[in-house]
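Asker: Now for the letters of each chain:
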Amino acid sequence: MTEKLAPPLFNSLAEQFKPTNDIIQTSLQLKGHCAFLFYVKSVVDGDKLQQTIIRPFFEMASEEGFASYIQSLPNQTDVPDYKKLLMMLSAGFVLVAIDNRTFLLNIRLVKNNEIQETVMEPTIHGPQKGLSEDVETTINLIRQRYHNSSLKIEKVKKNDVSNRAIVLLYDDDRVDPDVLAKIRAKLEEINTPLLQSAEDLQHFLNQSKLTLFPTTMVTERPDRIIYNLVGGKVVIAIDGSPNVILAPVVFFDFMSSMEDNYHVSLVTGFTIMLRYLGLFTCIFLPSFYVAMTSYNPDILRIELALTVAGSRIGVPYPSFVEVFFMLFFMELLTEASMRLPKAVSATATTVGGLILGTAATEAALTSTIMIIIISAVAISTFVIPINEMSFAMRITRFILLIYTSLFGMVGLLVGFIGIIMFLANKDSLGIPYLRISWKGKSDELRMNNK
Amino acid sequence: MAGIKKMRKGCLLIALLTALLLQSGCAFKDIDKRVFVVGIGIDPSDKVRNGFKVTLKMAKPVGNVKQATAPVYAYISHDSESVAEAIRTMETQVDKVLDLGHNRIIIMHRDLLSKDLDTFMDFFTRRGDVQYIAYVAVAESTAEEAITFEPVTETPASIALYNYFDDTGTESPYVITTFLFEFRREVLGKGINTVMPIIGIDKENNTFKVDKSIILKLGEEPLELNSVETKYLNSLINKASGFSYKVEENDMTLVLNINEVKMKYKIILDEVSPRIDMNIKKVGVIGESDKRLSIKHLQKYDEIVADDVKKKVMELLTTLQKNNVDPFGFGLRYRATRLSRKDIMDEWDRIYPEIEFNVKMDIQLKGTGAVE
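Protein chains in written order, with my numbering: chain A, 1 to 450; chain B, 1001 to 1372.
Since the hints were derived computationally from the structure, they do not count as laboratory data.
Using N, Cα and C, we set each Cβ at its ideal position, and we do this for glycine too.
There may be inaccurate statements among the hints.
Claimed, not checked - In silico EDC-like links for lysine to aspartate or glutamate, alpha-carbon gap of 16 Å or less:
{"id": "1", "chain 1": "B", "residue 1": "1310", "chain 2": "B", "residue 2": "1211"}
{"id": "2", "chain 1": "B", "residue 1": "1209", "chain 2": "B", "residue 2": "1145"}
{"id": "3", "chain 1": "A", "residue 1": "155", "chain 2": "A", "residue 2": "172"}
{"id": "4", "chain 1": "B", "residue 1": "1029", "chain 2": "A", "residue 2": "172"}
{"id": "5", "chain 1": "B", "residue 1": "1060", "chain 2": "A", "residue 2": "303"}
{"id": "6", "chain 1": "B", "residue 1": "1209", "chain 2": "B", "residue 2": "1271"}
{"id": "7", "chain 1": "B", "residue 1": "1033", "chain 2": "A", "residue 2": "298"}
Said to hold, decoys possible - Which residues of chain B face chain A? A partial, calculated answer using Cβ under 7 Å:
{"id": "8", "residue": "1031"}
{"id": "9", "residue": "1059"}
{"id": "10", "residue": "1061"}
{"id": "11", "residue": "1062"}
{"id": "12", "residue": "1101"}
{"id": "13", "residue": "1102"}
{"id": "14", "residue": "1149"}
{"id": "15", "residue": "1270"}
{"id": "16", "residue": "1271"}
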């Protein structure tokens, strides 16, 4: 009895993978039965391989029996063309050859499928777990919260080098077909060698090169995803990223926290009001200081005007330099405490915030009122629930500050109107960015429900 | 090529914009380079004929307001032909920009009131940084003295005179508040005379004393009201509450605390003689008494008080009428409610000296002020 030879496909595949060490090309032989396996060891689940393929082979009596067993496995797929086959093998598929037939089995070993804690949008109430870095797990998490046949899952393959899966999720009954078509076209257009994460993909979905305000939202909260799916939005998930993209979004989406749904109405109303006050504080306060100390001190109360004037005694630079100086240090502090390891970041904040602040006033570099303003600004920036928007507001603040330094109170107003105009002119996949929808929660969820 | 050109243009634009940042411009003036004027006094000048002596009270910023013990104000004055000139000259006397934006009081000398008021007050209505909500007042002696006087209760960064006239500080029916906008409107308008408070100084206690008022007549000698008249007038015009009133009737003395005043009047001309019907309602409690009072007799007290108060109001109204001044604005009401005619004010000027007053006083005492 002559030994059967591996099919020529296997050899050419092995040739292709060389000199990688973790490819396995092996044969199973028992009493003249023979099967060939080809896989990449590091991405294949060894136990599963053993249980679903190797052991049954030795228990089966015939090659035909084994072949039909393999064919009936749920994770069996057809063998695609050569190029795609290579990609799938490197993703953890196992190629099995019996007789002249070849089968492709999905026995992927996915190590990054644990469910992440919510870090970007933590809430007190509501789900505490976010999504997973593995897209299959993410889809599972979404499906398990949304048992509905109208939830469609659509794979989009981009030919970037990493060959990651990009998945579109939407509720077919509720989604706006125009928006969906636009997103498909946008994804089609993307032509980049490497896509790494949801945030990465988001940049390519944004219309223009120079953007300040995000037109799609990156989220990690499954409750937000479901809420938006029901609202008729499209979810884009990418393998390897614990976040997904929601599109289209309006400005006010960035100002809402999922926790708004979990509190009693007055508490929610209060927190929403707090959030908007925080938003206005963080973009206006520095400019306001400049406008009031250098252009129109008349609008302050006399007591405050005298206190501000008193606290500025000996400060060498004009007010806007003072504000820029302090904002610069505040931004450095924020950035530093974000990048530093958790254990050190507390020290950085203390050293920076407390010591620098006090020392700066002692040294008459800034006024005491300035320190209060800067701290209020720093705190209120973080009241904005979605991180991307709070980053955008950090920059908006500077734009307003420049306008105010040049033109005073009028400049502040003109700058603000300019920003409003800019936002009103912006759209997210055809939806006006500043659209205010006077809708109740139940109306919002019934959106486009024909 | 086009790309480079575009980039150059962009760079130039950014450079120009950055350069703009360095030009702080003329409007840009830091708060520590301004000196806030917190009071203006105008007196007739001794040095310049027909001129004015303008005194400014300026607040000096202090590093720490809480640790400053004494009030920190500086005063300068200058004689000149006009107010504007004097202030312009004073700008050369201080190193900082004179900022009138926080000035809320303008004190005038009494002698200036009979002169052409509107010409020197014109400056304040024209200058952009003077607020129309500034108070105008008359000094009992000289404006300079009233402006430079620092009462014992004045604290740093809080100007005592402001507290008199805005309702955040003391609230007394003796204090009449007149704003610059009112002053301007009433001086130039017809049918109403402006009432202004008189700021006196109590040397003994080292405090201000604001309890009298003066009624302006353009181009004529003004009429001064004593403190009781001021109180009555203020309670009727401005519905000033906290009005305490003493009634003496059959060896009984009552002091009332009135906390609600309502006044309505009607000019009636179609009857035999012209008449003004005035309905006054005052609600309050008895604050002090030298006799035991019973709540059952409350109505009796009401009547006693009403008779007495009515007498006082009538006295006030006739005094005003005799002097031909009209702080209530009866004339204004007359003008506003008749068809406009050419000589409508002359008509009123004929009617007013002969008009009769019919005052109906309704006093409602809510209690005797004590628990039985």
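Asker: Given the hinted pair residue 1209 of chain B and residue 1145 of chain B, is their alpha-carbon gap at most 16 Å?
Answerer: 13 Å, holds
Asker: Does residue 1271 of chain B hold up as a contact with chain A if the rule is Cβ-Cβ below 7 Å?
Answerer: 52 Å, violated
Asker: Report holds or violated for the interface hint on residue 1062 of chain B, using the least CB-CB distance to chain A and a cut-off of 7 Å.
Answerer: 5 Å, holds
Asker: Does the closest beta carbon of chain A sit nearer than 7 Å to the beta carbon of residue 1102 of chain B?
Answerer: 5 Å, holds
Asker: Hey, does the residue 1059 of chain B contact hint survive, CB to chain A under 7 Å?
Answerer: 5 Å, holds
Asker: Closer than 7 Å between Cβ atoms is the bar; does residue 1061 of chain B clear it against chain A? Give me holds or violated.
Answerer: The hint holds - residue 1061 of chain B has a Cβ within 7 Å of chain A, the shortest such distance being about 4 Å.
Asker: Under 7 Å is the threshold here; is the Cβ of residue 1149 of chain B close enough to any Cβ of chain A for the hint to stand?
Answerer: 18 Å, violated
Asker: Is the hinted pair residue 1209 of chain B and residue 1271 of chain B satisfied, with a Cα-Cα distance of at most 16 Å?
Answerer: 45 Å, violated
Asker: Verify the proposed pairing of residue 1310 of chain B with residue 1211 of chain B, using a straight-line Cα cut of 16 Å.
Answerer: 22 Å, violated
Asker: Does residue 298 of chain A lie within 16 Å of residue 1033 of chain B when you go C-alpha to C-alpha?
Answerer: Measuring from Cα to Cα gives roughly 14 Å; hence the hint holds.
Asker: With a cut-off of 7 Å, does the beta carbon of residue 1101 of chain B approach a beta carbon of chain A closely enough for the hint to hold?
Answerer: 3 Å, holds
Asker: Residue 1031 of chain B was flagged as interface toward chain A. Is the shortest Cβ-Cβ separation under 7 Å?
Answerer: 4 Å, holds
The structure does not agree with the numbered hints 1, 4, 6, 14, 15 and 16 stated previously, though it agrees with the rest.
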